[in-house]
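Peer 1: Here are the chains, one letter per residue:
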Amino acid sequence: MNSRSARVKLGISYMLLIILSCVSLFPALWIIMSSLKEGNSLYSDTLFPRSFTLEHYRDLFEKTKYPLWFLNTLKVAVLSTLFGTFLLLLTSYAISRFRFAGRKFALNTLLVLQMFPGFMAMIAIYVLLNTMGLLNSHWALILVYSSGAIISNVFVAKGFFDTIPKSLEDAARIDGASHLKVFFSIIIPLAKPMLTYASLMIFNGAFLDFIFADLVLRTEDQRTLAVGLYRMVSQRNSTEFTMFAAGAVLVAVPITMLFLLLQRNLVEGLTAGASKG
Amino acid sequence: MQRKTISTTLSVLFMGLGQLYNRQWMKGILFLATGLAAIYLSSVIGLSTYLKGLITLGEQPSGLVKVGKITKMVEGDHSIFLMIKGLMAALSLFLVGVIYVLNIRDAYKVGKERDAGVAPNNFRQSLQLINQKNFAYLVLALPAVTVLFLTILPLIFSILLAFTNYADPILPPANLIDWVGFSNFVKLVSLKVWSNTFFGVLLWTVIWAILATVTTYIGGILIAVLIQQPRIRFKMFWRTIMIIPFAIPSMISLLVMRNMFNNKFGPVNEIMRWIGFDGIPWLTDPIWARVTLVLVNMWIGIPVTMILAIGVLTTIPRDLYEAADVDGANSFQKFRSITMPMVLFSTAPILIMQFAGNINNFNVVYLMTDGNPVNSNYQYAGHTDLLVTWLYKLALNQSQYSFASVIGIIIFLIIATLSIISYRRTRSYKEEDMIA
Numbered sequence: 001m002n003s004r005s006a007r008v009k010l011g012i013s014y015m016l017l018i019i020l021s022c023v024s025l026f027p028a029l030w031i032i033m034s035s036l037k038e039g040n041s042l043y044s045d046t047l048f049p050r051s052f053t054l055e056h057y058r059d060l061f062e063k064t065k066y067p068l069w070f071l072n073t074l075k076v077a078v079l080s081t082l083f084g085t086f087l088l089l090l091t092s093y094a095i096s097r098f099r100f101a102g103r104k105f106a107l108n109t110l111l112v113l114q115m116f117p118g119f120m121a122m123i124a125i126y127v128l129l130n131t132m133g134l135l136n137s138h139w140a141l142i143l144v145y146s147s148g149a150i151i152s153n154v155f156v157a158k159g160f161f162d163t164i165p166k167s168l169e170d171a172a173r174i175d176g177a178s179h180l181k182v183f184f185s186i187i188i189p190l191a192k193p194m195l196t197y198a199s200l201m202i203f204n205g206a207f208l209d210f211i212f213a214d215l216v217l218r219t220e221d222q223r224t225l226a227v228g229l230y231r232m233v234s235q236r237n238s239t240e241f242t243m244f245a246a247g248a249v250l251v252a253v254p255i256t257m258l259f260l261l262l263q264r265n266l267v268e269g270l271t272a273g274a275s276k277g
Numbered sequence: 001m002q003r004k005t006i007s008t009t010l011s012v013l014f015m016g017l018g019q020l021y022n023r024q025w026m027k028g029i030l031f032l033a034t035g036l037a038a039i040y041l042s043s044v045i046g047l048s049t050y051l052k053g054l055i056t057l058g059e060q061p062s063g064l065v066k067v068g069k070i071t072k073m074v075e076g077d078h079s080i081f082l083m084i085k086g087l088m089a090a091l092s093l094f095l096v097g098v099i100y101v102l103n104i105r106d107a108y109k110v111g112k113e114r115d116a117g118v119a120p121n122n123f124r125q126s127l128q129l130i131n132q133k134n135f136a137y138l139v140l141a142l143p144a145v146t147v148l149f150l151t152i153l154p155l156i157f158s159i160l161l162a163f164t165n166y167a168d169p170i171l172p173p174a175n176l177i178d179w180v181g182f183s184n185f186v187k188l189v190s191l192k193v194w195s196n197t198f199f200g201v202l203l204w205t206v207i208w209a210i211l212a213t214v215t216t217y218i219g220g221i222l223i224a225v226l227i228q229q230p231r232i233r234f235k236m237f238w239r240t241i242m243i244i245p246f247a248i249p250s251m252i253s254l255l256v257m258r259n260m261f262n263n264k265f266g267p268v269n270e271i272m273r274w275i276g277f278d279g280i281p282w283l284t285d286p287i288w289a290r291v292t293l294v295l296v297n298m299w300i301g302i303p304v305t306m307i308l309a310i311g312v313l314t315t316i317p318r319d320l321y322e323a324a325d326v327d328g329a330n331s332f333q334k335f336r337s338i339t340m341p342m343v344l345f346s347t348a349p350i351l352i353m354q355f356a357g358n359i360n361n362f363n364v365v366y367l368m369t370d371g372n373p374v375n376s377n378y379q380y381a382g383h384t385d386l387l388v389t390w391l392y393k394l395a396l397n398q399s400q401y402s403f404a405s406v407i408g409i410i411i412f413l414i415i416a417t418l419s420i421i422s423y424r425r426t427r428s429y430k431e432e433d434m435i436a
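As they're listed, the protein sequences go chains A and B. Just so you know, the UniProt record's numbering puts 133 at position 133 of the first sequence, and the rest follows in order with no gaps. Just so you know, the UniProt record's numbering puts 246 at position 246 of the second sequence, and the rest follows in order with no gaps.
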């Protein structure tokens with residue numbers, strides 16, 4: 001009797017898991033199928049199209065500036081990640097390791113800056129760039145993303161550095177290593193999991209930002225993928241839905257792969273971020 | 001007279017003099033040069049006109065002016081330019097002020113040392129000292145400058161806008177902007193057109209944040225418990241499937257969802273009809289649009305809580321459950337008295353932060369509904385608009401910059417209150433001198 005009710009319970013659990021898996025996977029499956037079906041409409045009477053075609057992917061490369069957008073995005077995202085991670089590393093390391101006058105003030109300032117809605121500063125920068133006629137430059141994006149990277153990740157990174165025992169550095173310093181030497185040969189190797197997490201977050205943010213990028217980038221040649229894709233949906237009003245689907249799949253696949261590959265780092269980063277603020 | 005008094009007085013009189021008196025030639029010359037450069041630049045560029053511009057925001061608008069018999073276009077003052085330049089000037093003045101104070105402090109310290117009979121450091125020793133003792137400042141200099149100009153300056157500018165009348169139809173260069181004090185804040189709560197929208201949107205923002213946080217939190221914990229049951233096999237597999245919504249960029253999945261919930265052609269209604277229900281107006285009915293947002297947010301937000309909850313679940317000692325089994329507890333009782341308290345205890349701090357995050361959850365609303373369906377009683381806002389999306393619309397579609405800034409400040413106040421409650425308790429913020 002007891003074992004039977006346990007088996008029923010297990011059965012229900014598996015059934016729930018299967019239903020939840022369907023819900024979890026359905027949007028991805030649907031968009032992939034949509035990108036492969038013929039025609040350009042949203043509607044289809046079956047989930048799996050009757051005939052498959054790669055035409056929309058070809059159109060994407062031939063009729064839109066997709067390859068160019070992709071290069072733009074890669075440039076912006078990679079450079080932002082490099083600068084952002086570098087700045088983040090400097091800031092969080094210094095704040096975690098040194099007790100200097102004004103440290104508390106710096107911590108509080110960062111805390112306060114975090115609390116403003118992110119694009120309040122963005123809108124201001126847009127107004128500034130607009131009045132100065134400096135719109136449409138990728139460097140504006142890169143600089144703003146890098147600076148934002150400090151603000152949004154500094155507490156996670158600092159919390160991580162706090163957990164590295166100071167005795168390691170002290171030992172190296174007694175052996176005559178300079179600050180820089182300690183930083184590069186002890187701290188950076190130890191900080192790899194956190195660096196992976198933070199740089200993935202920065203890359204992801206820069207790769208997919210469509211708000212600020214849409215404000216700053218004015219010509220089609222300068223656009224990034226996220227902006228191009230967003231425009232494709234909002235302007236053409238879903239009339240080229242299948243082409244949008246193809247574009248969405250191409251953007252999502254690399255990022256999704258990256259996330260799944262680095263799953264362990266992500267989980268660690270998320271947990272650290274949650275418990276340490 | 002004591003040397004510290006003399007050197008301090010000299011440094012107060014002009015940067016670097018005290019250092020020269022202390023026979024620290026190189027340092028003195030550097031300070032002296034900085035001070036002279038600051039004075040030279042401010043007189044050449046005209047620091048005072050900039051600061052004056054920040055106060056008046058311009059006196060002469062651009063426009064047609066009659067000169068004798070001909071009217072011609074006269075370029076007047078551009079209030080926004082004046083404001084930016086004034087801000088930059090004020091910021092530089094502040095930086096020079098900091099250097100000035102440092103110079104006085106240094107002169108006093110070295111003078112005191114000389115009084116005590118200690119020889120002052122030469123320049124090389126000073127540099128070495130900086131590298132050793134003040135390494136932190138060296139490292140922080142670059143990030144500090146970046147944040148100062150790319151985040152703090154724009155934010156101050158944005159905050160200042162809240163106290164001006166920079167809103168359509170008063171737009172430079174055709175018009176001049178004026179300082180108006182708190183009148184935008186007063187208008188927002190007392191003027192019927194604005195207050196209606198403001199309180200309506202605020203109420204929905206709070207309801208949304210509560211619903212979005214609670215649903216994802218409970219959902220995430222339940223799924224974690226489901227997967228972590230001892231008898232479930234292939235845990236890793238189920239977990240990976242459940243993480244997929246988190247791995248897909250939310251911007252993409254939201255745009256996809258918007259089409260999925262399309263009333264006429266979307267697959268969701270298609271499935272509903274196939275089962276035998278009528279299609280639901282997911283995105284066009286005010287109430288259903290809100291329900292859709294909460295549902296979609298669950299799909300996106302549950303994986304994060306699930307990841308965190310699984311982390312906690314693996315740390316709960318097995319023997320607690322075994323003891324409960326011996327006492328004859330059923331699974332619900334075990335969940336209520338062991339699992340839930342343990343998970344709650346270690347994830348409670350993030351609950352507040354998730355709540356704050358949901359108040360600012362721009363992407364879900366903007367990409368799913370864009371604030372629609374339109375509410376005719378609202379000023380530039382729809383039924384599902386949150387404060388953030390309203391802010392965005394006000395600034396970028398309606399050029400109501402001053403009101404957008406007011407909303408921004410109000411959001412800041414809400415988030416700040418919440419953060420103060422939660423952050424002060426976290427380990428990272430507390431003085432954590434455990435890195436002995």
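Take the hints with a grain of salt, since some may be wrong.
To be verified - Lysine-lysine pairs mimicking DSS-like chemistry, simulated, CA-CA at most 25 Å apart: (1) 85(B) x 52(B); (2) 192(A) x 166(A); (3) 104(A) x 133(B); (4) 9(A) x 112(B); (5) 187(B) x 334(B); (6) 112(B) x 4(B); (7) 181(A) x 133(B); (8) 192(A) x 181(A); (9) 109(B) x 104(A); (10) 133(B) x 166(A); (11) 166(A) x 75(A); (12) 4(B) x 133(B); (13) 133(B) x 112(B); (14) 235(B) x 9(A); (15) 85(B) x 4(B); (16) 104(A) x 65(A); (17) 85(B) x 109(B); (18) 65(A) x 75(A).
Since the hints were made in silico from the structure, they are not lab data.
Peer 1: Check the structure against each numbered hint from earlier and tell me which ones fail, lowest number first.
Peer 2: Hints 4, 5, 11, 15, 16, 17 not satisfied by this model.
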